[in-house]
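Please build the complete structure, drawing on both the sequences and the hints.
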Amino acid sequence: MMRRFSIYISMLLYAALIFNSCSKDSDGPGTPDPDPPGPEPSTLTLPKKEMRGAWIATVWALDWPRTSDFANTAYDAAVQKKSYTDMLDNLKSLGFNSVFVQVRGMGDAFYNSAYEPWSGNITGTRGKDPGYDVLKFMIDETHARGIEFHAWINPYRIATRAASGTAYPALHSAVKPEWVVDHEKIQIYNPALPEVRQRLADIVKDLITKYDVDGLHMDDYFYPDPSSAGTMVSDQPLYETMGTGFSTIQAWRRDNVDKAIELIHSTVVANKPQVVFSISPAASKTYNFNTLYADLEKWCKQGWVDILIPQLYQEIGNSSNDFQLNLSTWAQFSFSAKLVIGHALYRFGAAGNPAAFQSTQELVRQFDMTKRNAKAVGSVMYSARDVYANRIGVTDKLAELYSHKAVMPFAGREVAAPAAVPGNVKINGNELSWTAASGNVRSVVYHFSDLKAVGKVVAVTTDSKLNVTESGHYCVTSLNLDNLESKPTNTVEKK
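Here the numbering used here is used: the first residue of the sequence shown is 2, the next is one more, and so on.
Note that these hints are calculated values from the structure, not bench results.
All residues carry an ideal CB built from backbone N, CA and C; glycine is no exception.
Some hints could be false.
[Stated by the list, open to error] In silico EDC-like links for lysine to aspartate or glutamate, alpha-carbon gap of 20 Å or less: (1) Lys83 <-> Asp70; (2) Lys299 <-> Asp221; (3) Lys372 <-> Asp323; (4) Lys206 <-> Glu196; (5) Lys82 <-> Asp213; (6) Lys82 <-> Asp130; (7) Lys273 <-> Glu263; (8) Lys496 <-> Glu471; (9) Lys496 <-> Asp451; (10) Lys49 <-> Asp451; (11) Lys427 <-> Glu494; (12) Lys260 <-> Glu241; (13) Lys137 <-> Asp207; (14) Lys186 <-> Asp236; (15) Lys299 <-> Asp256; (16) Lys211 <-> Asp130; (17) Lys466 <-> Glu494; (18) Lys177 <-> Glu196; (19) Lys49 <-> Glu149; (20) Lys488 <-> Asp464; (21) Lys302 <-> Glu263; (22) Lys299 <-> Asp259; (23) Lys273 <-> Asp207.
[What the hints assert, rightly or not] Simulated restraints on C-beta separations: (24) Asn291 <-> Glu263: 18 to 24 Å; (25) Val270 <-> Ser439: 25 to 31 Å; (26) Asn391 <-> Ala418: 38 to 44 Å; (27) Arg414 <-> Arg146: 22 to 28 Å; (28) Ala72 <-> Thr232: 32 to 38 Å; (29) Lys260 <-> Ala454: 48 to 54 Å; (30) Val365 <-> Ala72: 28 to 34 Å; (31) Ser228 <-> Val365: 30 to 36 Å; (32) Thr210 <-> Pro419: 21 to 27 Å; (33) Gly121 <-> Ser228: 22 to 28 Å; (34) Lys488 <-> Ser228: 47 to 53 Å; (35) Asn429 <-> Ser404: 24 to 30 Å; (36) Thr210 <-> Glu401: 37 to 43 Å; (37) Gly166 <-> His405: 51 to 57 Å.
Okay, here's the thing in structure tokens:
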């Protein structure tokens with residue numbers, strides 16, 4: 002009886018299958034399958050997404066604007082443009098997919114700002130118009146190469162000097178002197194003042210709404226470190242006036258910075274939510290908290306930071322600031338922020354650095370630790386000129402580590418429509434082609450030599466066809482403007 006019932010059920014299921022194959026959703030007999038047969042996408046293992054960035058410092062023209070060989074500062078516009086595009090071409094050839102360019106490093110700007118003067122590093126004279134839109138040029142050239150542009154700003158620093166005997170540069174006419182504190186070796190906006198926080202928010206709004214930046218980035222300069230700032234101007238009188246409700250001056254200082262970070266985050270979200278907000282703290286969580294008064298744990302927990310990029314510039318096993326320990330700490334306290342690791346490329350092969358930095362194996366080990374960490378989704382190199390220098394062959398080693406392309410991870414807020422799966426994936430000889438999904442600006446091509454192994458990224462492209470020579474299986478996905486990826490197509494095989 003049970004056996005006959007099972008046969009009956011099987012017949013009903015078979016009939017339903019035949020009916021569905023002829024329903025109105027079918028393309029009909031003889032119509033090509035828009036997604037050719039192959040293993041189900043759910044069985045494919047795609048590689049981990051990865052940010053691959055480089056910091057480009059402009060204070061003192063450290064990385065730019067310089068000549069293409071980084072030998073000299075460049076004040077000529079044509080030389081500046083060529084050196085920047087040469088640098089981008091080099092980074093792209095090595096597999097980088099993002100740059101963090103310092104556009105406001107010393108209370109100045111690499112763009113026409115109503116709040117601050119043109120940077121003197123562009124022309125040699127602070128406040129002098131260079132005659133072209135520097136930031137637009139950099140962004141356009143960066144995007145033309147499929148690389149993200151993150152605008153790096155310093156929130157408080159206005160100027161530095163060797164000692165109090167040297168005068169600080171004159172303040173911009175829009176800056177009120179009472180907003181500024183002149184310590185012995187550094188001049189900063191006063192982090193305690195609500196007017197300063199609002200000014201920072203206004204500068205951020207102006208920057209992100211005028212320019213097509215992918216991200217807004219801040220480094221670790223909050224309250225100055227007394228060990229480098231020299232004699233400090235006391236903020237005790239201000240604490241006694243404004244610090245009601247705080248048991249210590251340290252807690253009050255942290256709250257001042259908290260309010261600035263929260264306001265900057267809300268300004269980004271309100272005005273251009275597709276922009277991601279990243280911060281690169283110093284390596285030690287304790288140092289940030291106790292010396293710079295930067296409570297990164299709180300910022301990440303509150304969701305005020307989209308990408309956290311700690312500067313893990315010490316070697317593995319360092320007795321006081323171990324790379325591995327700091328990596329584990331930031332992974333624990335990054336919460337919803339994406340974790341990307343900052344590496345000290347400038348230390349490799351440089352005189353006076355520990356033995357670990359005299360071997361490229363230190364970078365390999367750091368990368369291995371980062372990739373094994375479940376929270377970490379990439380790396381940023383400090384800095385671009387050290388990529389060029391290639392001391393002890395560290396850039397050659399980096400090229401090996403980046404030998405396969407990578408897809409940028411999603412961070413921040415979902416703004417764009419979801420990415421749709423491409424169609425009509427097929428292979429004809431050496432040409433892989435597909436129909437790009439509507440509304441998605443990029444496609445990702447993956448290759449699998451073995452369908453049970455992790456795939457590799459062959460290309461991230463705006464085209465809908467690609468020349469492929471390696472035998473094996475291929476699939477395609479779509480990426481939207483948020484870096485959110487569609488499901489993969491079924492695979493097609495190249496014999």
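Going through the hints against the structure:
no.: 1; hint: Lys83 <-> Asp70; verdict: 11 Å, holds
no.: 2; hint: Lys299 <-> Asp221; verdict: 15 Å, holds
no.: 3; hint: Lys372 <-> Asp323; verdict: 17 Å, holds
no.: 4; hint: Lys206 <-> Glu196; verdict: 15 Å, holds
no.: 5; hint: Lys82 <-> Asp213; verdict: 18 Å, holds
no.: 6; hint: Lys82 <-> Asp130; verdict: 16 Å, holds
no.: 7; hint: Lys273 <-> Glu263; verdict: 15 Å, holds
no.: 8; hint: Lys496 <-> Glu471; verdict: 9 Å, holds
no.: 9; hint: Lys496 <-> Asp451; verdict: 13 Å, holds
no.: 10; hint: Lys49 <-> Asp451; verdict: 17 Å, holds
no.: 11; hint: Lys427 <-> Glu494; verdict: 9 Å, holds
no.: 12; hint: Lys260 <-> Glu241; verdict: 19 Å, holds
no.: 13; hint: Lys137 <-> Asp207; verdict: 14 Å, holds
no.: 14; hint: Lys186 <-> Asp236; verdict: 16 Å, holds
no.: 15; hint: Lys299 <-> Asp256; verdict: 11 Å, holds
no.: 16; hint: Lys211 <-> Asp130; verdict: 18 Å, holds
no.: 17; hint: Lys466 <-> Glu494; verdict: 15 Å, holds
no.: 18; hint: Lys177 <-> Glu196; verdict: 10 Å, holds
no.: 19; hint: Lys49 <-> Glu149; verdict: 18 Å, holds
no.: 20; hint: Lys488 <-> Asp464; verdict: 18 Å, holds
no.: 21; hint: Lys302 <-> Glu263; verdict: 12 Å, holds
no.: 22; hint: Lys299 <-> Asp259; verdict: 8 Å, holds
no.: 23; hint: Lys273 <-> Asp207; verdict: 11 Å, holds
no.: 24; hint: Asn291 <-> Glu263: 18 to 24 Å; verdict: 21 Å, holds
no.: 25; hint: Val270 <-> Ser439: 25 to 31 Å; verdict: 28 Å, holds
no.: 26; hint: Asn391 <-> Ala418: 38 to 44 Å; verdict: 42 Å, holds
no.: 27; hint: Arg414 <-> Arg146: 22 to 28 Å; verdict: 25 Å, holds
no.: 28; hint: Ala72 <-> Thr232: 32 to 38 Å; verdict: 36 Å, holds
no.: 29; hint: Lys260 <-> Ala454: 48 to 54 Å; verdict: 50 Å, holds
no.: 30; hint: Val365 <-> Ala72: 28 to 34 Å; verdict: 30 Å, holds
no.: 31; hint: Ser228 <-> Val365: 30 to 36 Å; verdict: 33 Å, holds
no.: 32; hint: Thr210 <-> Pro419: 21 to 27 Å; verdict: 26 Å, holds
no.: 33; hint: Gly121 <-> Ser228: 22 to 28 Å; verdict: 27 Å, holds
no.: 34; hint: Lys488 <-> Ser228: 47 to 53 Å; verdict: 52 Å, holds
no.: 35; hint: Asn429 <-> Ser404: 24 to 30 Å; verdict: 27 Å, holds
no.: 36; hint: Thr210 <-> Glu401: 37 to 43 Å; verdict: 41 Å, holds
no.: 37; hint: Gly166 <-> His405: 51 to 57 Å; verdict: 54 Å, holds
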